[in-house]
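Given next are the chains, with one letter for each unit.
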Amino acid sequence: MRYDTMAVLALVTVTVLALGWIVARDLRQSAEETHQLYQSFEEVDELTDDLLLESEDVRRILLYALHTNDANRQLAYVEQSRAAEGRVKKLLDSRPALLDNPHMSAALQKVADAWKRYMTVRDEVIGLILEGSVNEGVALDERDGGHRFEAMLTAITEMKRTFDADAERQVAEQRERANSDITRLSIMVVGTLLGTAIGIYLFNRREAAEAAARVKSDFLATMSHELRTPLTGVIGTADLLKATDLATGQRELVRMLRSSATVLLSLVNDVLDYSRIEAGLMALTPTRFSLGHVIEEALDTVTEAAARKALEIGYVIEPGLPDVYADEDRVRQVLINLLSNAVKFTESGEVAVRAAATVDGEAATVTIRVSDTGAGIPAHLQHRLFQRFSQLDTGPSRQVGGAGLGLAISERLSRLLGGSLTVDSREGEGSTFTFIFTAKSAGPSALARDDLAGSRVAVRLGTGIVGQQVRSLLDAWQVNVTELGGDPAQAADRATIDAIVVDASTDQGALYASLLVNRERWGLQHAPTVAVVRRPAEQGERVTPGRVVSTPVRAQALHEELVKAIGSRSVVAAEGAALHDRPFDRQSLAILLVEDNDANRRVVRMMLEELGLEADEAAGGIEAVERARQRAYDLILMDVQMPDIDGLEATRRIRQQVERGAAPFILALTANVMESDEARCREAGMNGFLPKPLRLTTLEATIGAFVASRA
Amino acid sequence: MTRNRLNALGAWLAIGVWLAAGAQGLHGQAGGADALAIVVHRGNPVESLTLSELRRIFMLETQNWPHGRRITVVLREKGQPERDEAIRMICGISEAEYERTLLLQTFRGSVTRPPRSIQSASLMRRFIFNTPGAIGYVPAGEVDDSVKVVAVDGRLPGDAGYPLQRRARIGRVNWLPW
Amino acid sequence: MTSTQMRARALRRVLVAVTCAMRLLAAPAAAGAQPVDQPPPQDMQPHLGPEMLVRAFGSVDWSATQKPDTPSSFALGQFDLFVTASLNDRVSVLAEIVLEASGANTQVVTDLERLQLTFRADDALQLSAGRYHTGIGFYNTAFHHGSYFETPIGRPRVFDFEDEGGVLPVHEVGLSARGVVPKTDGALRYLAEVGNGRTWTTPESAEGRDQNDAKSTNLGFSLRPERWGGLEVGASFYRDQVQAAQGGNVRLRIGAAYAVYRTGAAELMGEWVRLSHRTEAGLAATSDGGYAQASRAWGKTRPYYRFDKLAIDPAAPFIGTFGSSRSHILGVRFDPSMWIGLKAQYERTNEAGVRGIDAVRTQLVFVF
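Residue numbers (this note's numbering), protein chains in the order written: chain A, 12 to 722; chain B, 4 to 181; chain C, 23 to 390.
Please keep in mind that the hints were generated in silico from the structure rather than gathered at the bench. What you were told as hints is all true, and nothing was included just to trick you.
List of simulated lysine to aspartate or glutamate pairs, DMTMM-like, C-alpha gap at most 20 Å:
hint: 1; chain 1: A; residue 1: K575; chain 2: A; residue 2: E711
hint: 2; chain 1: A; residue 1: K100; chain 2: A; residue 2: E54
hint: 3; chain 1: A; residue 1: K121; chain 2: A; residue 2: E67
hint: 4; chain 1: A; residue 1: K451; chain 2: A; residue 2: E329
hint: 5; chain 1: C; residue 1: K322; chain 2: B; residue 2: D87
hint: 6; chain 1: A; residue 1: K355; chain 2: A; residue 2: E307
hint: 7; chain 1: B; residue 1: K151; chain 2: A; residue 2: D134
hint: 8; chain 1: A; residue 1: K320; chain 2: A; residue 2: D518
hint: 9; chain 1: C; residue 1: K205; chain 2: B; residue 2: E56
hint: 10; chain 1: C; residue 1: K205; chain 2: B; residue 2: D156
hint: 11; chain 1: C; residue 1: K322; chain 2: B; residue 2: E102
hint: 12; chain 1: B; residue 1: K151; chain 2: B; residue 2: D37
hint: 13; chain 1: C; residue 1: K205; chain 2: B; residue 2: E50
hint: 14; chain 1: A; residue 1: K575; chain 2: A; residue 2: E620
hint: 15; chain 1: C; residue 1: K331; chain 2: C; residue 2: E373
hint: 16; chain 1: A; residue 1: K100; chain 2: A; residue 2: D56
hint: 17; chain 1: C; residue 1: K237; chain 2: C; residue 2: E184
hint: 18; chain 1: A; residue 1: K100; chain 2: A; residue 2: D60
hint: 19; chain 1: A; residue 1: K121; chain 2: A; residue 2: D61
hint: 20; chain 1: C; residue 1: K322; chain 2: B; residue 2: E98
hint: 21; chain 1: B; residue 1: K151; chain 2: A; residue 2: E135
hint: 22; chain 1: B; residue 1: K151; chain 2: A; residue 2: E90
hint: 23; chain 1: B; residue 1: K81; chain 2: A; residue 2: D81
hint: 24; chain 1: C; residue 1: K322; chain 2: B; residue 2: E100
hint: 25; chain 1: C; residue 1: K322; chain 2: C; residue 2: D357
hint: 26; chain 1: A; residue 1: K127; chain 2: A; residue 2: E67
hint: 27; chain 1: C; residue 1: K205; chain 2: B; residue 2: E64
hint: 28; chain 1: A; residue 1: K127; chain 2: A; residue 2: E169
So here's chain A without its partners, still in its complex pose (with noise of 0.2 Å):
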């Protein structure tokens, strides 16, 4: 700060002194310039002066030549007079400046013209007295020559008038310019230092009001820390209280106790936050992340009072939607306030997220909307929401508590992240809050998933944020989705489904209940189940024991449960039919299974426990390769899609390493079954390829066709 006040003082002087400069230059040009008028001015009056005196002295002086008879001194008084007569044309041809504009010119051109007139008549009268003829020359000289000559001191003296006339103008004009300049400049001068005085006043406020602000801000940092410690200790403590030995009123009381000071250890966290904000002390701290882990991070936290309100959550992300850089934690604090407070005020309905991003180049703006259907928010107190402090009363069923600072944090939060805040709402509709930031981007997600493409899922749906979470999961996998319910003629088709996904949340579980009921009729009887469930109030309600996944849907464990049920299936196909008992039989197969997701490489290897085979597990192409170097396998299942290197390169340096004995024998596992696939994993040097999902009877089959080829 102190530097800043001198650069100002700095500024200030210079800006005076600058100032200063000027005005005097001014003055002082303005001051020459009047002495130079002036100054031009004696130079014409002392020309008009000189003419005069010389003319006179041209007329004089030849008069005195009738004085004498003797032509010598004749001669000399004509030379004498002639002389003068030079000075005089001397004097006509100089020109000062001052005589430059067309009067003056005019006017000695007048007074010059006069003189010529009176020459012509002067040369004769010389002549005449040099001749002799004296008595000529006189009266020649008295007819014409005082004629002209008085014309000409005419001419003089108005040259003269007119000089003065157009002077007396000049010293005006140069007057009005001095006083402009003045007042300009004392304006200027006047104002600038107003201007300063006004700068300094204001900046001393400024940095007055800062300081102040500061000063509260760091009150309240230290202020909220020093509260916060002494709170977690009550928390500590009372967990502590609560894990003893306490009577049923004793834990009510540690538990009315336990949830005061954790709603006390909120709020204060709260104004720490937004005093740290305040303050400028908040610094975001960029990591890469994944916006549906963020989102189902921040669903966790309310998935509890949500589900005792009985609402609907989920959320859905656009697809391809990259993984960003941004500050993970406070994206998932606005998320969290969003969230918790859309939940608050909304008593029935759902609550969604959803999240979109337009990603240009680098730079990701990503759109998350909050919407609930609660209460709304009445226009005229809009204004007010992000403000701190500020509580909507939404009449006397007021049921919250807070300090109210959420959604000014989470305002300011958002401004900090590069994006905005705001609501749309109607009384009575729900609100829909918009939380934008900026980020940058880092690629496509990490979290996509290929291995359940091509399966056939029929869906037992409603049309709320779970079924459309769940639709738009599935089409993001890939996955053929038949929608169940309504048409029975669809009943040809249901032979082949892999798995059956039904919403047991919604309704009150009424889709599950249909489903149940409809199944033979559907021929569904042997597809496995994946049902949503909300939790934690409906568990085990109405379920069979089978696959379940509890709202807010989580994308890996809805993927898993899916992945489980499809597997299942071809498990339980394979029961179906002859079982090969255990066909392999742990036969010396050196096999190498490589995949890089835990859940699908677990599949796989219970399906080859399955037949009765084991194999060793590489989780990614490096590790496949260095595996395949340090033991020759038989046969390699390999997945192509793989982070680090895919199953191409893997197998192209597998081969290219392959030394001893028989090269392996390389499957694919891969989804993308179309031919110009198949041939791009020929050329990599795969011998085969295994579709995904996995079947176990496939899985047999090839191996077994592998093991015959062998032989």
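Assemble the complex: chain A is given as a structure, and chains B and C must be docked to it using the hints.
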């Protein structure tokens, strides 16, 4: 009577011959330095004069220029050798004769404006410059462009055969015009 | 003008005045030269007014003659006061007053010999009005009364002044026009005069007033060829009607011719004048006269000779009684300085009936 007459005639003849022998009104043409330039006013239209015209002007017989302006003859001052030389060169008579002739003409009433006398060549130039009808003379080397040189018999000073040269053989006598 | 400028200008004027004064005080007194930026001294008046030239010619004579009853004597000669003035560019005036002692030196007779106003148009025309010498022949208008200019003492007999027994109307009152005929290179000159003519009936033979209405006219010309410098030939014709004493007019014709060669060193002159009178009655008389003169100068000395002849017809009216004569004059003139001349001559005259009169005359002439 007749003899007397014859005698008288013979005497007259002798006298005439004797007189004529003395009269050699010739101007020498031997080249010599120091020509005399005849100068007039710059505005005078006259370009050239014959020697006889020049004589008549300086002897004040001709008193008007062809364009009508009065001729003002300007000589050097009495007592200056330049005056004697000029009179001798132009008119072929001595300065005393010139004076006497001038007086005679004044006496006869035919001259009312005697020539003007100037002290020096530069003053002569200045005088000529200032007087439109004036005619005078300066040594050829002292001519400048304030005056106009008149050719004599078609020749300028410096040309061969220019009549007004110093140290030329001049006749001892010329003539004494009226 | 601001007060500053006025003060500056006043100061400048003072400085100029002081400088002028200093220059005046420091003016060099070079022989008669005045610094010319000074006005001329107060007592010098502008030379306005006609420029006058005044000259005086004087002569003092001494003569001794064999003529009976004529003792040698000094005579005062004449005092000829001659004034000429140029009134303006073209007009000049000339006056000649001759003062003579008459007879016994007891009276001074003042004669206004000439008074003429001349208008000079250009070289081709000079018009004079007044009293002037008639342009008959050469001698009359060449020498006027200026004895200084005449080489010998005295005029040729035929050109004697009227009051000395001259036969010609030497003086005239009237108009005289003369000039150079244009385009003759100054060679040909003309003369035309008209005047009162001479009267013989009054004792003084004045021509101040014409007696009759008949004016005299005179026409003459002269030629001065360029090739022979110094030579002049000419002729004149004079006509008049003179009233005779008895009444009636006498027709008078005078013709003259001359040839003159004059240079600074030598002089050769000859003239011949013929007068013819015819009375109304038809009586004609012819008289003539003339002279021949020669002189040559050596330095300041100039010997001369003149032969002078006058033959008068006794029947001529007016002049018949003047008597013819013939004379030889031999003399010498000495000019010791510019304006002084001393003449001495010996004359031998044959007058009518009287032969061989010798006379010696001397004359001192001067101009100032």
